[in-house]
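Model the placement of chain B on the given structure of chain A, informed by the hints.
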Amino acid sequence: MAYALQQLINGITLGMIYGLIAVGYTMVYGIIGMINFAHGDVFMIGAFLSLIALTGLGMLGITYVPLALFLTLIFAAGIAALYGWTIERVAYRPLRGSFRLAPLISAIGMSIALQNFAQVAQGARDKNLPELIPGGFKIFEENGFVVQLSWMQIVITVVTVALLGLFTWLVTKTSLGRAMRACEQDMKMTSLLGIDVNRTIGLTFVIGAALAAVAGLLFLLYYGSINFYIGFNAGVKAFTAAVLGGVGSLPGAVIGGLAIGLIEAFWSGYASVEYKDVAAFSVLIVVLIFMPTGLLGRADVEKV
Amino acid sequence: MSVLLELQGVTAFYGAIQALKGIDLVVNEGEIVTLIGANGAGKSTLMMTICGTPAARDGRIIYDGTDIHAMPTHEIMRRRIAQSPEGRRIFARMSVYENLLMGAHGGDQVAAAQTMEQVFVMFPRLKERRDQRGGTLSGGEQQMLAIGRALMSRPRLLLLDEPSLGLAPLVSKAIFAAIKALNRTTGLTVLLVEQNAVQALKLAHRGYVLVNGAITMQGTGAELLARPEIRAAYLEGGH
Numbered sequence: 000m001a002y003a004l005q006q007l008i009n010g011i012t013l014g015m016i017y018g019l020i021a022v023g024y025t026m027v028y029g030i031i032g033m034i035n036f037a038h039g040d041v042f043m044i045g046a047f048l049s050l051i052a053l054t055g056l057g058m059l060g061i062t063y064v065p066l067a068l069f070l071t072l073i074f075a076a077g078i079a080a081l082y083g084w085t086i087e088r089v090a091y092r093p094l095r096g097s098f099r100l101a102p103l104i105s106a107i108g109m110s111i112a113l114q115n116f117a118q119v120a121q122g123a124r125d126k127n128l129p130e131l132i133p134g135g136f137k138i139f140e141e142n143g144f145v146v147q148l149s150w151m152q153i154v155i156t157v158v159t160v161a162l163l164g165l166f167t168w169l170v171t172k173t174s175l176g177r178a179m180r181a182c183e184q185d186m187k188m189t190s191l192l193g194i195d196v197n198r199t200i201g202l203t204f205v206i207g208a209a210l211a212a213v214a215g216l217l218f219l220l221y222y223g224s225i226n227f228y229i230g231f232n233a234g235v236k237a238f239t240a241a242v243l244g245g246v247g248s249l250p251g252a253v254i255g256g257l258a259i260g261l262i263e264a265f266w267s268g269y270a271s272v273e274y275k276d277v278a279a280f281s282v283l284i285v286v287l288i289f290m291p292t293g294l295l296g297r298a299d300v301e302k303v
Numbered sequence: 000m001s002v003l004l005e006l007q008g009v010t011a012f013y014g015a016i017q018a019l020k021g022i023d024l025v026v027n028e029g030e031i032v033t034l035i036g037a038n039g040a041g042k043s044t045l046m047m048t049i050c051g052t053p054a055a056r057d058g059r060i061i062y063d064g065t066d067i068h069a070m071p072t073h074e075i076m077r078r079r080i081a082q083s084p085e086g087r088r089i090f091a092r093m094s095v096y097e098n099l100l101m102g103a104h105g106g107d108q109v110a111a112a113q114t115m116e117q118v119f120v121m122f123p124r125l126k127e128r129r130d131q132r133g134g135t136l137s138g139g140e141q142q143m144l145a146i147g148r149a150l151m152s153r154p155r156l157l158l159l160d161e162p163s164l165g166l167a168p169l170v171s172k173a174i175f176a177a178i179k180a181l182n183r184t185t186g187l188t189v190l191l192v193e194q195n196a197v198q199a200l201k202l203a204h205r206g207y208v209l210v211n212g213a214i215t216m217q218g219t220g221a222e223l224l225a226r227p228e229i230r231a232a233y234l235e236g237g238h
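Residue numbers (numbering that gives the first Met the number 0), protein chains in the order written: chain A, 0 to 303; chain B, 0 to 238.
Among the hints, erroneous ones may be present.
In silico DSS-like cross-links for lysine-lysine, where the CA-CA straight-line distance does not exceed 27 Å [stated by the list, open to error]: (1) A:Lys-172 to A:Lys-275; (2) A:Lys-187 to B:Lys-20; (3) B:Lys-126 to A:Lys-172; (4) B:Lys-201 to B:Lys-179; (5) B:Lys-201 to B:Lys-172; (6) B:Lys-172 to B:Lys-126.
What the simulated footprint calls covered on chain A by chain B, stretch by stretch (three residues with Cβ under 8 Å from a Cβ of chain B suffice, anywhere in the stretch; the number is not a length) [said to hold, decoys possible]: (7) 176-189; (8) 194-207.
Derived from the structure by calculation, the hints contain no laboratory data.
By construction, the Cβ of each residue, glycine as well, lies at the ideal position given by its N, Cα and C atoms.
So here's chain A without its partners, still in its complex pose (with noise of 0.2 Å):
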């Protein structure tokens, strides 16, 4: 039972930070109808950022932690958004048009750029950082097993619902988010009510960045271990959380992120650890025969 409630936190915390990934991939989604493989690696770069900003804001002496992660938060947010406007820029618009597989091809290009990139320039090893956020509850204890809960799980969780929460206000009650969701539907209309079809498109992609970059410093202070290559496996794990819940649905993508970590919690905790991705990458299959428009996906059924 306390072994249980204890896979069942785990879960939870992973679940969230793969949800906050998927929100990006579901935004992207959202609006020009293309999966952006090199999302995962926008959330590496995320973490490097933080890493980078973290590692100067000591050195300059700035050790207390809440200013200190503030700080570091709006620059990787800032430069992984710079990022993701770059990407769109180069990478996706001029393809804008092109056949359907065209863009999609230069995301995992994208991808792959960016891995070696941050191989170069980092370094291949894994880079560690100290517990930044220490300490938790005592929840419970049964025959000797302490069931915990850190502080940093709870920010986790409370951080990705907060954002979640204001992105789905941002694409629901926002004139950005009404033209974002117009483009996703009719983007010659859209222009035809004078809106900058691209700049909306580019906004998305910036948005979708920095979220993705708070996801990376959030995974950087719950794990305190990152290299250039935790962006792909994030990214596909995060990509299958963005199909389970229903790609274009944002309370979708977070739903899909918690199956998917507590899949992999419970999978590791009583089957085993080396098949958590089978078990995880099963379910998208499942997903995809049963279930292709996801939990929260709509049907798109309409009148013409």
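Only chain B this time, still in chain A's reference frame:
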């Protein structure tokens, strides 16, 4: 009367196919001008070319003293040009309310709320369906929504592409009456593409006839209505 829109030798292509072959056309401020022609003559292309999508390849499009033919679409539309396009192009997964708000994008919210009230007075059906998704509306309601959305930006020049298409005669009459009233009371300039040539020519101050991407005739509504070749080509068998 001052000229609001002038096309000089405008050509447009879809790939290798030339859709417009040197169009000269003038719309004066406060006028209703109609464009009639058979299916495939290039009427809708002309409407879209004014909006820069596709952009004109040669020629000039002068709107309010500025050549707009090389501008991106969204910049053209921000100059208070609005289009209710062929096929209506309603945002199916947005509510009626949101569709209307899209028409007033980037504008002042108070003004948008006022304009929306005016649109609701003109089309009470839209008010009843305010929170329904655009995709669930009937064809006539979608047409009202497309026109309402175009009016939301308080345009100086309204481009209306086949507003009566697929509508019951009574509804289409109401829409024509609304256009006329808007033109009278606010001085709204309208360029109208219509399949219903009689109704359009009766409503319009002037008209142009488009055949295979070129203008073959022009005149006042009454003049064109009286021409036998127009009667033969576009009116007989019409309404």
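### Query
Out of the numbered hints, which ones does the structure contradict?
Failing hint: just 1.
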